[in-house]
Structures are given as C-alpha cells and as structure tokens.
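Asker: So the chains spell out like this:
Number of protein chains: 2
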Amino acid sequence: MTAKTWRVTGLHHVAIAHGKDPVCENALTSFIGPADHTEEAPGFIERMYELGPSYVQTLEADGEGVVQRFLDNRGPGLHHVALEVDVIDAALVDLRERGVPLIDDEAREGGMGTRIAFLHPSAFGGVLVELVERTPAQAEPPSGEGEG
Amino acid sequence: MTAKTWRVTGLHHVAIAHGKDPVCENALTSFIGPADHTEEAPGFIERMYELGPSYVQTLEADGEGVVQRFLDNRGPGLHHVALEVDVIDAALVDLRERGVPLIDDEAREGGMGTRIAFLHPSAFGGVLVELVERTPAQAEPPSGEGEG
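Quick note, the sequences are listed as chains A and B, same order.
Just so it is clear: in the first sequence, position 75 is 75 by the numbering used here, and no numbers are missing.
Just so it is clear: in the second sequence, position 126 is 126 by the numbering used here, and no numbers are missing.
Don't take every hint at face value.
As the list makes no split between identical chains, a pair holds if one copy fits it or if it spans any two.
Capping the alpha-carbon separation at 25 Å, the derived lysine to any residue pairs in SDA-like fashion look like this [claimed, not checked]:
| id | residue 1 | residue 2 |
| --- | --- | --- |
| 1 | K4 | G33 |
| 2 | K20 | L128 |
| 3 | K4 | V23 |
| 4 | K20 | G111 |
| 5 | K20 | R74 |
| 6 | K4 | R69 |
| 7 | K4 | P34 |
| 8 | K4 | M112 |
By construction, these hints were calculated from the structure, which means they are not laboratory data.
Please model the complete structure; the sequences and the hints are all you need to start from.
Answerer: Take a look at the structure:
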C-alpha cells in the first residue's frame, strides 16, 4: 500500500429523505432552528440545518427522481451519510485504483458550492456514502451560528 | 411558548446497523482509521469512529435484540442520528410537556459515559433520533485525532 494522499476530515452531513409530510422539517426547525440553506434540485428540495461544522440535510421529493424512488422503496428515513475529505480528486483516484465501487467516477458540483461524489452502497455494506470537499471559502467551520 | 432552557449543540453521531458482514467496519477503518471505542451491549457490539466533534457509530448485531430486529425488517443501513444537547433532563421535560412522542421518558446511561434518550421515530416523521448529553469530562471536542 502506498501512503494515502487524502484523508477524511469530518462528518459533513447526514441526509433524511421525506415527501410532503411537514413533520420532519418542523421538528428540525424546532430543535435546531430554521434551515440555513435551501436549494432546488431536479425532483427534490435540499435543505441544510447547520450544527457546528456539520449539517443535517433534508431531501424533500417534489417530483420524480432519486428521492421519490427511495421513498417508494423504503419510505421516509435516513438516506445517506457524507464524509468530508480534504482532496476529493485524490480520493477518487485512490478509490478507483483500489476497486472501490463508485456511483460517481468523477467529482461533480454539490450544494453550497461543494464538490461531491457518491460511492456505491456496496462499498459500505449497504450504506450510501457521499464524499464532500468544501470550497476554499467554506473550508473553515462556521463560527457564528446565526441563533440569538 | 416559554423560552427553551436547553439547546442542540451538535451532531453527535450517525449510527449504522449491520450483521456479520465485515465490509462496513473494514471500509470505515480504511477511510477513517480504527474504531476509537468499542462497547458490548445486549445483543450487539457498538463501535465509535471519531471524526472531529462527531462520530460514526456502528451497531453490529451479535444476538437477538433491537439491532437484529432492525436488520430483519430493513437490512443493513443507517439506523439513527444522535443530536448532542447541553442539558438532556431539561430537554426531556420540555419535550414531554409539548407532547413529543418519546421512547425514553427519562435519560439513561449511553456509551462512553454519555446520558441518552431516544425519541419515537414519529417525532421526526419516520427517523429515529437520539439525544446525547456528554459527561463534563467529554464536553469539549477532542483535539488530537490519533492519526499520524
């Protein structure tokens, strides 16, 4: 084994998938505060609830797509976990060389200006894992929490 | 509404349930490093992989119990998410008063000297959420990561 040229630096987020039921968003708002970021994606709305250097992410299906298919198969619940890495391109080169099954062979644009890639669930024995590299402007954990 | 006397202070861990298949533990060890804590519980082994102030937790079923029942129903995968709170007793008083459905009405002892309580999954629309209060000695995020 050669030395790894990348490393996991944190737990970036854990994602919850749901449909029209507002219970999950209302509970998160009550427990944590309102979502800090909201983005539209094809077939779903993505919201991020900031918790120090990590987030709880929600994926609300609002059309056909990967989130609705997950809901059809499994119902609402935890969808994936995202590990923060320092250099995602180096991680993907290394994982490809080691034969780790990937959904995304190359990094693509994620929410909030991140670069992301999903591993195939078989890589973690049935758990969908995402890798996230923050943009340089985001690389430091937020200091102000926005709640008075 | 009266002012809340407690707050969520972080994302303590996300938990993965699995059976005898070693793929998940091997992948976590490869990505993060070996588990930092291992504890035996009735029917399962709990391991904690430290990532800054948060953890990835694994629950390996090794007998009958809640983890094996989860695996029988849903297969291996994400099991719950744990939010860190500053004062768990105040949180539980508040949640009981607001009628939030709880599994644990009172805090009980968790791994690594924590105090924990599970909410009923209906509180978050189908997601099992745990509250965790660190012991005073643990209350500061770890500074050394253990990896050279």
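Asker: Now, for every hint given, state plainly whether the structure supports it.
Answerer: For each hint, the structure was consulted:
Taking the shortest alpha-carbon separations for K4 and G33, only the inter-copy value of 12 Å comes in at or below 25 Å, while the best intra-copy value is 38 Å. Taking CA atoms no more than 25 Å apart as the test, K20 paired with L128 passes in both settings, with 23 Å inside one copy and 19 Å between copies. In this assembly of identical chains, the alpha carbons of K4 and V23 lie at most 25 Å apart only when taken from different copies (20 Å versus 42 Å within one copy). Taking the shortest alpha-carbon separations for K20 and G111, only the intra-copy value of 21 Å comes in at or below 25 Å, while the best inter-copy value is 35 Å.
Taking the closest pair of Cα atoms, K20 and R74 come within 25 Å of each other both inside a single copy (15 Å) and across two copies (22 Å). Within a single copy, K4 and R69 get their C-alpha atoms no closer than 36 Å, and across copies no closer than 38 Å, so neither meets the 25 Å cut-off. For a Cα distance limit of 25 Å, the shortest separation of K4 from P34 across copies, 15 Å, qualifies, whereas the shortest one inside one copy, 38 Å, does not. Proximity of K4 and M112 under a CA criterion of 25 Å is satisfied in neither setting, with 27 Å inside one chain copy and 30 Å between copies.
The structure fails hints 6 and 8 (numbered hints given earlier, in ascending order).
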